[in-house]
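Colleague: So you can see what is in the structure, the chains are spelled out below.
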Amino acid sequence: MSEQPRRRALGFLERWLVFAGAVVVWEIVTRISDSVFFPPPSKIVQFCAELWFVAEPTQLFLADTVYEDILPSLARALGGWLITAVVGISLGLALGRSRIAYEYLNPLVTFLRSVPPPALIPVFMVAFGIGAQMQIATIVFGALWPVLLNSVDGARSVDRVKTDTARSFRISRTEWIRMVVFPAALPKIFAGLRTSLAISLILMVMSELVSSNHGIGYRIQLSQNTFSFDTMWAWLVLLGALGYLLNNALLALERRMLGWQPKREAAPATAKAGG
Amino acid sequence: MRSALRGAIGVAGFLLLWEAAGHAGFAPQNLFPPVSMVFARLGELLATEEFLREIIATVLAWLIALAVATGIAVPLGLLLGSYPAVRRATKVLVEFIRPVPPVALIPLLIVLIGNGPETKISLAVFGALWPILFNTIYALDELEPMYVETARSFGLGRAAIMTRVALPNALPFIFTGVRISASIALILVISVELRGGGTAGIGYWMLGVSQGIRQMDLVLAGTLVAGVIGLLSNYGLEWLQRRLFGWNEIAQEAR
Amino acid sequence: MTTMLEVSDLGHTYGSGDTAYTAISDLSFTVETGELTCIVGPSGCGKSTLLRAIAGLHTPTGGTVRLKGETVAGVPEDLAVVFQDYSRSLFPWLTVRDNVEFPLRSRGVSADDRASRAAEALEWVGLGKAGKKYPWQLSGGMQQRVSIARALACRPSLLLMDEPFASVDAQTRFELEDLLLRVRRELNATVLLVTHDIDESVYLGDRVLVLSKPPATVVAELPVDLPPVRDQITTRESDAFVSLRSEVARLLHGKEPATRSAPQVTSEAAGTGDQGVHVADGGTPKGQRTVTAPKNRRNGAGGKGRKKHMKTKKKRGVTVQRPR
Numbered sequence: 001m002s003e004q005p006r007r008r009a010l011g012f013l014e015r016w017l018v019f020a021g022a023v024v025v026w027e028i029v030t031r032i033s034d035s036v037f038f039p040p041p042s043k044i045v046q047f048c049a050e051l052w053f054v055a056e057p058t059q060l061f062l063a064d065t066v067y068e069d070i071l072p073s074l075a076r077a078l079g080g081w082l083i084t085a086v087v088g089i090s091l092g093l094a095l096g097r098s099r100i101a102y103e104y105l106n107p108l109v110t111f112l113r114s115v116p117p118p119a120l121i122p123v124f125m126v127a128f129g130i131g132a133q134m135q136i137a138t139i140v141f142g143a144l145w146p147v148l149l150n151s152v153d154g155a156r157s158v159d160r161v162k163t164d165t166a167r168s169f170r171i172s173r174t175e176w177i178r179m180v181v182f183p184a185a186l187p188k189i190f191a192g193l194r195t196s197l198a199i200s201l202i203l204m205v206m207s208e209l210v211s212s213n214h215g216i217g218y219r220i221q222l223s224q225n226t227f228s229f230d231t232m233w234a235w236l237v238l239l240g241a242l243g244y245l246l247n248n249a250l251l252a253l254e255r256r257m258l259g260w261q262p263k264r265e266a267a268p269a270t271a272k273a274g275g
Numbered sequence: 001m002r003s004a005l006r007g008a009i010g011v012a013g014f015l016l017l018w019e020a021a022g023h024a025g026f027a028p029q030n031l032f033p034p035v036s037m038v039f040a041r042l043g044e045l046l047a048t049e050e051f052l053r054e055i056i057a058t059v060l061a062w063l064i065a066l067a068v069a070t071g072i073a074v075p076l077g078l079l080l081g082s083y084p085a086v087r088r089a090t091k092v093l094v095e096f097i098r099p100v101p102p103v104a105l106i107p108l109l110i111v112l113i114g115n116g117p118e119t120k121i122s123l124a125v126f127g128a129l130w131p132i133l134f135n136t137i138y139a140l141d142e143l144e145p146m147y148v149e150t151a152r153s154f155g156l157g158r159a160a161i162m163t164r165v166a167l168p169n170a171l172p173f174i175f176t177g178v179r180i181s182a183s184i185a186l187i188l189v190i191s192v193e194l195r196g197g198g199t200a201g202i203g204y205w206m207l208g209v210s211q212g213i214r215q216m217d218l219v220l221a222g223t224l225v226a227g228v229i230g231l232l233s234n235y236g237l238e239w240l241q242r243r244l245f246g247w248n249e250i251a252q253e254a255r
Numbered sequence: 001m002t003t004m005l006e007v008s009d010l011g012h013t014y015g016s017g018d019t020a021y022t023a024i025s026d027l028s029f030t031v032e033t034g035e036l037t038c039i040v041g042p043s044g045c046g047k048s049t050l051l052r053a054i055a056g057l058h059t060p061t062g063g064t065v066r067l068k069g070e071t072v073a074g075v076p077e078d079l080a081v082v083f084q085d086y087s088r089s090l091f092p093w094l095t096v097r098d099n100v101e102f103p104l105r106s107r108g109v110s111a112d113d114r115a116s117r118a119a120e121a122l123e124w125v126g127l128g129k130a131g132k133k134y135p136w137q138l139s140g141g142m143q144q145r146v147s148i149a150r151a152l153a154c155r156p157s158l159l160l161m162d163e164p165f166a167s168v169d170a171q172t173r174f175e176l177e178d179l180l181l182r183v184r185r186e187l188n189a190t191v192l193l194v195t196h197d198i199d200e201s202v203y204l205g206d207r208v209l210v211l212s213k214p215p216a217t218v219v220a221e222l223p224v225d226l227p228p229v230r231d232q233i234t235t236r237e238s239d240a241f242v243s244l245r246s247e248v249a250r251l252l253h254g255k256e257p258a259t260r261s262a263p264q265v266t267s268e269a270a271g272t273g274d275q276g277v278h279v280a281d282g283g284t285p286k287g288q289r290t291v292t293a294p295k296n297r298r299n300g301a302g303g304k305g306r307k308k309h310m311k312t313k314k315k316r317g318v319t320v321q322r323p324r
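Those protein sequence lines, which keep their order, are chains A, B and C.
Each residue of the first sequence is one higher than the one before, counting from 1 in the working numbering.
Each residue of the second sequence is one higher than the one before, counting from 1 in the working numbering.
Each residue of the third sequence is one higher than the one before, counting from 1 in the working numbering.
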């Protein structure tokens, strides 16, 4: 058991060493090439500080743009994603447990999920005009499918013995969904949620790039128009950091909720084949 | 048989509902057209050469991007995958690069490369690179040591083991990566077109009809076409994978 | 004694037309309250079909099942099942204790009662300390004990067991068999156990029902005249045990039962004349088993009936039903 924390610490160290090394290389290369389009990371960080932080305690030392661009963008992306999660999981579990309903809807779902999500932006732009409504509709419709299909798959993974067990003990309907179907589907659901989160962020940026008057995507577009590439890179770094943080937060939640799963190292070799 | 019938009923029911809702007058028909109108418009569009050109522009850019991405990612993956240290470093770097949504790079690319088809192809290549690269590296990770031992016992050298053992063994994994990349590449091509990078393509066309007067029937016709392209690419690659690697269980699993 | 379970003319046919397959037909038997009845039959003879019908998990195409006099339609409340495949029957996302408590939730048992009943049931099966673990952290035998505890915690009138010990190794199987005997004695439970293992059916049962190949019917019904307290070594080497298992083996193979003289088969003979004893896919030769019995079994109460039993040569009333 003492091996594990040590290995984890080593992995952590290795990861950030590689990262630091890459940043140093990036710094050197950009300084040598001296390109307008690719500022060195040290400069980007400086711009980040100037962009987002102010000496104003009343707004928690955060610049206006944090409240006017970053938070609204995040709220839309996460809000859309949450709606996606609720709709996708409940609909997916229902479809996964009802063969007939699934057969009726399968071709329709197959087509809808094949539509490249950005192609939905013009549709909702015409329907709702520019604004949060259009963005959230795009995110919900575009990011729904991974959660939905993974939930269907997960719900189907409840095997015959478990169904028989639950029935023979006369498990109530709610307990059956809450304590059997849902946890059985959870590993798959999380896989779907992660993909959907990535799609939500993409669609958030994309819809803001195409048409909006505020938000992270809008700021990136604006810095292109004004040829301020340092600013643009600052926003790109922010996007990367947000994506990284959100994804890791989701992973942490996943590890917590799937704590019951056998750890890979600890599991006997046969567990893989048997599971 | 019964499931196909049910599926058809499901689609028909959806279309009928849509048609009825379109006529019910919840919203003006230019915002919410009945499905018959959308199909009529689609029929007209498909008869025009310009529209077909837009479709071809998109599909061609997508195919080129996918081919280039595969051409870069597979050899690179084989190279990186052969050295455990490099393999781990790559994984770490990608972990930091991946969270940046590639679409955010569109404005930068438009300035750097311009408005030609190169822009959308470059971005699609960039986005499509990772899944293929990763699956190639992972496939080498998973290579059964027994195969290598066997090959070595027959006197095969390092290069021969790579081309005759490791690569064939990795191919189904790699192909799964290609399938994931295909949908990413399509998303990115259409995204660049929507952002006005490129002067042709289905996304560019949709952007045009969605501005000015609201013509939902045209927009939806464009969405249908995009959906069909997506559907065909999914099915085409799935079919190809089954043909090529029917013997492999991953081929089934990846569905 | 009252009748707990009454199965009459039970039959089940899968599919229809040319592909129809009759798994069981005209099955009739009863289980009395407090009795442990074993059903033994060749692999794939429809034992599971029978058990699922009794549990109300599927509706048989013919015949009726009555539990405590009431016709079974749907899963009856008063029943619990232990399945062969414990790894799938336990819920991996629930701890051992939550697994045991789980069925009680749907029965409106309060949280406190649930906890105490689960603790009690785990104590019965010797897993009082494992409540906080997850099933995968336990060995196969321990996992099956958890499912037994889960079934017992429901305090069922009838406990159904579907090949409960078929997926554990031989040593663990002995332990679990003795555990079942002890627990059911202590709780005076009514148990119907399905197995393909002849020795197990004789060792565990108060009565053995022998099924034929499909379409399965009851070929014979043998009372087991072994003392209630049994022991893996002495019981298995007793004349009564040996002759009974030979009897069951013959019945399973569709041969006439041996002339009912005093059993002359010794344990050596059983070891050599082994061909008849294997019904199905068992691993080790059953005749050798007595030699490899585990040293520290859970059941220490074996000694009592031993001597007395060696002398038992009671004539058994064997009712033989010919397959139609």
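Everything labelled a hint here was simulated from the structure, so no lab data went into it.
Even for Gly, the Cβ is constructed at its ideal location relative to N, Cα and C.
Treat the hints with care, as some may be off.
Stated by the list, open to error - Cβ pair distances, simulated, as ranges:
#	chain 1	residue 1	chain 2	residue 2	range
1	B	G116	A	S157	44 to 50 Å
2	B	E142	A	A9	55 to 61 Å
3	C	E77	A	Y244	48 to 54 Å
What the hints assert, rightly or not - Which chain A residues face chain B? A few, computed with CB under 10 Å, are given here:
#	residue
4	V54
5	V66
6	V115
7	A119
8	M125
Colleague: Indicate, hint by hint, whether the structure satisfies it.
Modeller: To see whether the hints hold, each was checked on the structure:
1. Range check, B:G116 to A:S157: about 47 Å between beta-carbon atoms, so the 44 to 50 Å window is met.
2. Between B:E142 and A:A9 the beta carbon distance is about 26 Å. The supplied range of 55 to 61 Å is therefore violated.
3. Range check, C:E77 to A:Y244: Cβ separation about 53 Å, and the 48 to 54 Å hint holds.
4. Using the Cβ-Cβ criterion of 10 Å, the hint placing A:V54 at the interface with chain B is not satisfied: the shortest such distance is roughly 25 Å.
5. A least Cβ separation of about 18 Å between A:V66 and chain B goes past the 10 Å threshold, and the interface hint is therefore violated.
6. Residue-level restraint check for A:V115 holds (minimum Cβ-Cβ distance to chain B is 4 Å; threshold 10 Å).
7. Look at A:A119: its Cβ gets to within about 4 Å of chain B, closer than 10 Å, so that hint holds up.
8. About 5 Å separates the beta-carbon of A:M125 from the nearest beta-carbon of chain B, less than 10 Å, and the hint is met.
Violated hints, listed in ascending order, are 2, 4 and 5; each of the other numbered hints is respected by the structure.
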